[in-house]
Amino acid sequence: MSATSDGAALCYGNFAPMNSRVEQARQYVAAAALVSLVSLIAVALRTMFPVPDLALLYLLAVMVVAVRYPRGPAFAASAMSVVAYDYVLVPPYFTLAVADARYWLTFAMMFGFGLIVSELATRNRRSQAVAAKLADEARDAKLRVHSEEIRSSLLSAVSHDLRTPLATITGAATTLRDQPQLDIATRDELLAAVCDEAERLERLVGDLLDMTRVDAGGLHVRRELVPMDEMIGSAFGRLERKLAPRVVHVAAPPQLALVAVDPVLFEQVFINLIENAIKYTPVTATVTVTITSTAQLVVVEFADDGPGFAAGAEAHVFEKFFRGQHQGIGGVGLGLAICRGIVEAHGGTITARNRATGGALFTLQMPRAHLPEMAVQP
Amino acid sequence: MTDVGATVLMVEDEPQVRRFLRVALGTAGYIVHEAATLAAAQVAVRDGAPAVILLDLGLPDGDGIAWTRQFRTHAATPIIVISARGREEDKVNALDAGANDYLTKPFGVRELLARIRVVLRQSSGPSVDVEPDVLRFDRLEIDVAKHRIVVADAEVHLTPIEYKLLVLLARNAGRVLTHRQILKDVWGNAHGTESHHVRVHLAELRKKIESNPAQPRLIITEPGVGYRMKEPLKL
Numbered sequence: 047m048s049a050t051s052d053g054a055a056l057c058y059g060n061f062a063p064m065n066s067r068v069e070q071a072r073q074y075v076a077a078a079a080l081v082s083l084v085s086l087i088a089v090a091l092r093t094m095f096p097v098p099d100l101a102l103l104y105l106l107a108v109m110v111v112a113v114r115y116p117r118g119p120a121f122a123a124s125a126m127s128v129v130a131y132d133y134v135l136v137p138p139y140f141t142l143a144v145a146d147a148r149y150w151l152t153f154a155m156m157f158g159f160g161l162i163v164s165e166l167a168t169r170n171r172r173s174q175a176v177a178a179k180l181a182d183e184a185r186d187a188k189l190r191v192h193s194e195e196i197r198s199s200l201l202s203a204v205s206h207d208l209r210t211p212l213a214t215i216t217g218a219a220t221t222l223r224d225q226p227q228l229d230i231a232t233r234d235e236l237l238a239a240v241c242d243e244a245e246r247l248e249r250l251v252g253d254l255l256d257m258t259r260v261d262a263g264g265l266h267v268r269r270e271l272v273p274m275d276e277m278i279g280s281a282f283g284r285l286e287r288k289l290a291p292r293v294v295h296v297a298a299p300p301q302l303a304l305v306a307v308d309p310v311l312f313e314q315v316f317i318n319l320i321e322n323a324i325k326y327t328p329v330t331a332t333v334t335v336t337i338t339s340t341a342q343l344v345v346v347e348f349a350d351d352g353p354g355f356a357a358g359a360e361a362h363v364f365e366k367f368f369r370g371q372h373q374g375i376g377g378v379g380l381g382l383a384i385c386r387g388i389v390e391a392h393g394g395t396i397t398a399r400n401r402a403t404g405g406a407l408f409t410l411q412m413p414r415a416h417l418p419e420m421a422v423q424p
Numbered sequence: 079m080t081d082v083g084a085t086v087l088m089v090e091d092e093p094q095v096r097r098f099l100r101v102a103l104g105t106a107g108y109i110v111h112e113a114a115t116l117a118a119a120q121v122a123v124r125d126g127a128p129a130v131i132l133l134d135l136g137l138p139d140g141d142g143i144a145w146t147r148q149f150r151t152h153a154a155t156p157i158i159v160i161s162a163r164g165r166e167e168d169k170v171n172a173l174d175a176g177a178n179d180y181l182t183k184p185f186g187v188r189e190l191l192a193r194i195r196v197v198l199r200q201s202s203g204p205s206v207d208v209e210p211d212v213l214r215f216d217r218l219e220i221d222v223a224k225h226r227i228v229v230a231d232a233e234v235h236l237t238p239i240e241y242k243l244l245v246l247l248a249r250n251a252g253r254v255l256t257h258r259q260i261l262k263d264v265w266g267n268a269h270g271t272e273s274h275h276v277r278v279h280l281a282e283l284r285k286k287i288e289s290n291p292a293q294p295r296l297i298i299t300e301p302g303v304g305y306r307m308k309e310p311l312k313l
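Top line first, the protein sequences correspond to chains A and B. The first sequence begins at 47 in my numbering and counts up by one. The second sequence begins at 79 in my numbering and counts up by one.
I should point out that these hints are in silico values taken from the structure, not numbers from a laboratory. Among the hints, erroneous ones may be present.
[Unchecked claim] Below, a list of computed lysine-lysine pairs in the DSSO-like style, where the Cα atoms sit at most 27 angstroms apart: (1) B:242 with A:288; (2) B:183 with A:288; (3) B:183 with A:325.
The shape of chain B in the complex, shown without the other chains (with noise of 0.2 angstroms):
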């Protein structure tokens, strides 16, 4: 992997959980440096210059929604945040104010250690001009250049907010996209508020691109967060 190496700032003020993070991302082979309060977590970002930052919502010493809102206007580190279940809300509201993804305590390392490979994808990816013509998933093939989609050898149509919908999840695979993040995108406003519009073209999506629609694999729902195009098969 080449993102062994990278450091990894964990903002977290419970020892114990920072105990098994440090010990479990370091032998992932990253660097890990912690903070346990928000106030802790600025000296680190400005000294260790990380390349991710696993932020807990529940710290002692402020609102980290907030503390991403204002970290977003002149950085651009992925953060990833933790939040308990039953707190969507809070992961919605920390992804609309720029933090890339989340996890749900508790969680295995596994996840977590998807989580940061593919928010350091993206941060050093591939610029657009570079992107592949050919996006890949499985049974599903995207052809951004042609504007063609073929599931299972099959070219299949879509209606233009579909496919704008399915590139929008494709270009951020493996990354969970907010409906307020969809509607921006697709739709090009910013009410933000209907997300029932994006509900209903994804089912409609959902029957023209899962083998069943009825317990989709390519298109993974996060509920009441919004959708996470699973990860493409590497080639």
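Bound conformation, chain A alone (with noise of 0.2 angstroms):
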């Protein structure tokens, strides 16, 4: 139910709450005390309106209980005006005589005129209601069917990448085992190869479990005041085997950048986009990172001169299952989304565009951090 902030919502038919007695007894008084209000406006302007004019103050009243509350405040309101009206405006006044008789007609009218407009108001209550239970249905179906789709093409991804790794290991543990006269440049090789895949194999493991702790919400922001380049010289540090020979140039401001972050977490970031230059360009390439920092923002612009991303590609190179069309290169294409899913989870965005100069170039912002006023002093 959408409308539940207001109290006509809550007393339709079928969801009408359990303890609703106390609120209808409160729709009741305050039906009453608007006839009341409308009677005592009615008595003061007696003099200076025609007294028909008057009964459409009732008719205000009434229409108002029935557009806020249920049939039974309207009814009562209704035969209330009624009594009200015969009283303080009908001739004799303040009594329940009645002069002149065709103020029964204006009697029935208005409480006609009552029930009516309590009836449509409950109809339009209850077709709201029904609509919106069905948007609700039709908008978790939807999603049901979304994360069934994200669910089978990862299980589909999964399942092959995890394979592929696998078939390499067990392959060549087997030969090893079980042919000894290999010689030593083939054992090295196959050797090597085991090593390779079980690294791809526990990436790939790492980057299933990022995404399903980014994609799940349950990122446990362990926020620090962190330097920004500390980040990137610990993914550099840690990748440079893998980088090299691609040159490196990272370039940091004389200041300190301070971003307030989860250090583990945001040192994955770099760590995806180092892998993910690893991945993406020949090794003659060059990885440039520039950071900047303004009052307000810290920003890293992180870039390579490789082939840059294919036309219209870099609008979703941070979506799951997302890969460039090069072929033969690893991972699920889930490295670009958790970077994504991480810097987003701290208040800072990440986007992708191609250089002018050929090459791709991520540019990541983040709210700069400032320091506290030294509380410890040597």
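Taking the hints as your guide, dock the two standalone chains into a single complex.
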């Protein structure tokens, strides 16, 4: 139900709450109060306006009650209006006697009007509630279909990408076990394959775990004040061997560019960007990272001079399971999706585009953090 | 290596991991004792007097961090904890509880042997009074007696905090120090929660001693845990 903030929707049909008795009493009291208020106004205005005009005031009261509350209070408001109208506006005043028979028609019309307005309002509320319920169900169904799609594409991608390194490991290891006469060079090659593929498997599992955490919204972000260049330096340090012989330039501003982030999670952003560069750039490439900062922002530009994105691809690189068109490149297509998930969980943004001079450029923006007063002194 | 023949106790519940460690450590010349639970570890420590303990933090019969804290009240045997990626909090807690270093699963044998060598050297190594006056790391030279720092033959000036920070890391070269351990030692306070002090001063220190502070080689960041000074070159 969408209109639960309004007292009206709460009291409709099957959706009425169980403890509605107090609420019902409140509605009757409100109806009575409104009719009384109208009566006071009517008495005050009695000498200035013709009586039939003042009758419209009661109709207004009945309408307000009918729109807000269910039938019961609306009926009551209609009945009370008729009685009050008779009592304060119909001569003889302040009696229930009716001097002129034509007032009976006014009474009937007032009562009938109240009933009709109340009925219309009730119907309107009911159809709104049904529509809201239907919309909820439709949205749920759509979400289910969507998550089913994601799950099945995840399963097929994962089973393929997990089995490929496993196949290599199994093949190489059984060969080593069963064929003792292999020459040293072949043995070394098989052993290197086992190590490389095990590492690839570890990366895949890590990506899947990260993505699941990002997706489930269950990222425990333990924010600390960390210099941006510390995380970048650490990420490059870890992947130095795999990135070689590509050239790396990191330019940091002389002043400290602090951000409030979870250092372990946030380093993963740079690890994934570097791994992306390892996958999609030739070994002759140069990776250039430039950190700049303003009073409010820390901006990291992560650029390479490789082939860049295919036309139109830059809009999709942060989507799950999206992979560049290059053949034979490992990965499930989660690395950059994880980057975006982590950056956004920290209140930052990350975008991708082609550089004018060729190559890919990722731009990361984070709110800049500042040191609190130094509480600890030497 | 002088530590060949030293006894390593591995506390690990996965038989496959034990198998690989048994082969790897045995081949490297260590005597290997095994325990699959903390209870068995308790017995093995008493009976086997290991020189170093490899402790997996995910054991079925208890909390390895609490065990470490308890163990530290009566023994100084170095402990290297083993834990998965993403459990940095566990690692920090284990280190603060008295573990000497950690390894992240999966790890390679080379890394494992390097860690064992460092903790063995530090537990049996020279005590402070015979420590050399000059510590050398690649292009960095720390003259502890004269309070002099030389980088690539040029003297650099450090603030008192930077100096303390550098000497602490250098004296524990090869070993990870948590933010809390560094705060306690350098600032002498027990807050231990304001790791940004360490980060900020370390960033300044790196600018003075690293040839490329953006890609440090002397002091390595251990994300979410602390810092580790690279082991010095053997002279």
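Hints and how they fare:
no.: 1; hint: B:242 with A:288; verdict: 34 angstroms, violated
no.: 2; hint: B:183 with A:288; verdict: 19 angstroms, holds
no.: 3; hint: B:183 with A:325; verdict: 24 angstroms, holds
In summary, the structure is inconsistent with hint 1 from the numbered list given earlier, while agreeing with all the others.
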